[in-house]
Amino acid sequence: MKKFIFNADDLGSSEKVNQGIFRCADAGIVKSTSLMITNPLAKETYKQAIDHKISVGLHLNVTGEGKFLTNTALFGKTGKINHAFKINLLLENKEVEIVLDEFQKQLNLFIKHFRKSPDHINFHHPLYQIPNFTKPFADFVKKTSLPTRWFNDLSGYGCKTPNHTEFGFFDQDSLTLGNIIKLIDGSRSGVIEFVLHPGLYNPDSTSSYNHERGLQTEVLTNPELLAHIGNADYQIISFNEL
925 MKKFIFNADD
935 LGSSEKVNQG
945 IFRCADAGIV
955 KSTSLMITNP
965 LAKETYKQAI
975 DHKISVGLHL
985 NVTGEGKFLT
995 NTALFGKTGK
1005 INHAFKINLL
1015 LENKEVEIVL
1025 DEFQKQLNLF
1035 IKHFRKSPDH
1045 INFHHPLYQI
1055 PNFTKPFADF
1065 VKKTSLPTRW
1075 FNDLSGYGCK
1085 TPNHTEFGFF
1095 DQDSLTLGNI
1105 IKLIDGSRSG
1115 VIEFVLHPGL
1125 YNPDSTSSYN
1135 HERGLQTEVL
1145 TNPELLAHIG
1155 NADYQIISFN
1165 EL
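The end of the sequence shown is residue 1166 by the numbering used here, with every number in the run present.
Be aware that one or more of the hints could be misleading.
Result set (BS3-like, lysine-lysine): computed pairs, CA atoms no more than 30 Å apart in a straight line [unchecked claim]:
1) LYS1001 to LYS971
2) LYS1067 to LYS1018
3) LYS1084 to LYS971
4) LYS1036 to LYS1066
5) LYS977 to LYS1059
6) LYS1067 to LYS1004
7) LYS1018 to LYS1036
8) LYS1066 to LYS1040
9) LYS1001 to LYS1036
10) LYS940 to LYS967
11) LYS1001 to LYS991
12) LYS1066 to LYS971
13) LYS940 to LYS1004
14) LYS927 to LYS991
15) LYS967 to LYS1001
16) LYS1106 to LYS940
17) LYS1106 to LYS927
18) LYS927 to LYS1004
19) LYS967 to LYS926
20) LYS1010 to LYS1084
21) LYS1010 to LYS977
22) LYS1004 to LYS1036
23) LYS1018 to LYS991
24) LYS1004 to LYS1029
25) LYS1036 to LYS991
26) LYS1036 to LYS1059
27) LYS1084 to LYS967
28) LYS991 to LYS1040
29) LYS940 to LYS1018
30) LYS1067 to LYS1029
31) LYS977 to LYS1067
32) LYS1004 to LYS977
33) LYS1067 to LYS926
34) LYS1029 to LYS1001
35) LYS1066 to LYS940
36) LYS1010 to LYS1040
37) LYS1067 to LYS1001
With beta-carbon atoms standing in for the labels, derived distance ranges [said to hold, decoys possible]:
38) GLU1165 to ASN995: 36 to 46 Å
39) LYS1066 to ARG1112: 41 to 51 Å
40) GLY1110 to GLU968: 12 to 22 Å
Rather than coming from a laboratory, the hints here were simulated on the basis of the structure. We put the beta carbon where it would ideally sit given N, CA and C, even for glycine.
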């Protein structure tokens, strides 16, 4: 049987993103989401997610907007880490250590706030494109015993992951009902995570992905999608059901 984790990234990044994620949860598609813990909305957003019956993981962030728990110029939209994954740049060992230390601080903050571990962990932006990042990250994940997102370079390290991750529902041209059904039907057997970024369009946002978030939400809340999944006898699960 095919099982799918439709995981919504970026929970807590804005009210509009939260609203889109919750709509997708209420539509029966999204049962798993990843929270940006350093965002001021994090505590209240977590409570709302639980009310919407969503499994909440941790979206580790060193490359986006928001607050960080380490004072370093490496982080943020203009930091070296953001630049490194875009050009496959090797980091110094000390720089990798600083990233993983920040990850641990964010994990500790999640546990402090909610008195439990997240249901999974993953990271913001494709840091796996940094050539010397995967093994240290795998070592970090194994110490937590938490499930994480599968990507090809992580294979063989013994981390608990789905069998595969589907990244193909992202670019604007791909955000159609027909395409996501094609991706679902064409996926391999086992547990597949779909990486999602729903939200509501925000006229005040400067994000380059603002319009696409709204398109994702429209597709994911279309009743035909849930009906297709049910008719095909596929199962929607969350990370805590791995």
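For each hint, the structure was consulted:
no. : hint                           : result
1   : LYS1001 to LYS971              : 28 Å, holds
2   : LYS1067 to LYS1018             : 19 Å, holds
3   : LYS1084 to LYS971              : 26 Å, holds
4   : LYS1036 to LYS1066             : 20 Å, holds
5   : LYS977 to LYS1059              : 33 Å, violated
6   : LYS1067 to LYS1004             : 26 Å, holds
7   : LYS1018 to LYS1036             : 27 Å, holds
8   : LYS1066 to LYS1040             : 17 Å, holds
9   : LYS1001 to LYS1036             : 27 Å, holds
10  : LYS940 to LYS967               : 16 Å, holds
11  : LYS1001 to LYS991              : 11 Å, holds
12  : LYS1066 to LYS971              : 27 Å, holds
13  : LYS940 to LYS1004              : 28 Å, holds
14  : LYS927 to LYS991               : 35 Å, violated
15  : LYS967 to LYS1001              : 24 Å, holds
16  : LYS1106 to LYS940              : 28 Å, holds
17  : LYS1106 to LYS927              : 15 Å, holds
18  : LYS927 to LYS1004              : 37 Å, violated
19  : LYS967 to LYS926               : 34 Å, violated
20  : LYS1010 to LYS1084             : 26 Å, holds
21  : LYS1010 to LYS977              : 35 Å, violated
22  : LYS1004 to LYS1036             : 29 Å, holds
23  : LYS1018 to LYS991              : 21 Å, holds
24  : LYS1004 to LYS1029             : 20 Å, holds
25  : LYS1036 to LYS991              : 17 Å, holds
26  : LYS1036 to LYS1059             : 27 Å, holds
27  : LYS1084 to LYS967              : 27 Å, holds
28  : LYS991 to LYS1040              : 22 Å, holds
29  : LYS940 to LYS1018              : 37 Å, violated
30  : LYS1067 to LYS1029             : 14 Å, holds
31  : LYS977 to LYS1067              : 28 Å, holds
32  : LYS1004 to LYS977              : 37 Å, violated
33  : LYS1067 to LYS926              : 29 Å, holds
34  : LYS1029 to LYS1001             : 20 Å, holds
35  : LYS1066 to LYS940              : 34 Å, violated
36  : LYS1010 to LYS1040             : 34 Å, violated
37  : LYS1067 to LYS1001             : 28 Å, holds
38  : GLU1165 to ASN995: 36 to 46 Å  : 38 Å, holds
39  : LYS1066 to ARG1112: 41 to 51 Å : 25 Å, violated
40  : GLY1110 to GLU968: 12 to 22 Å  : 39 Å, violated
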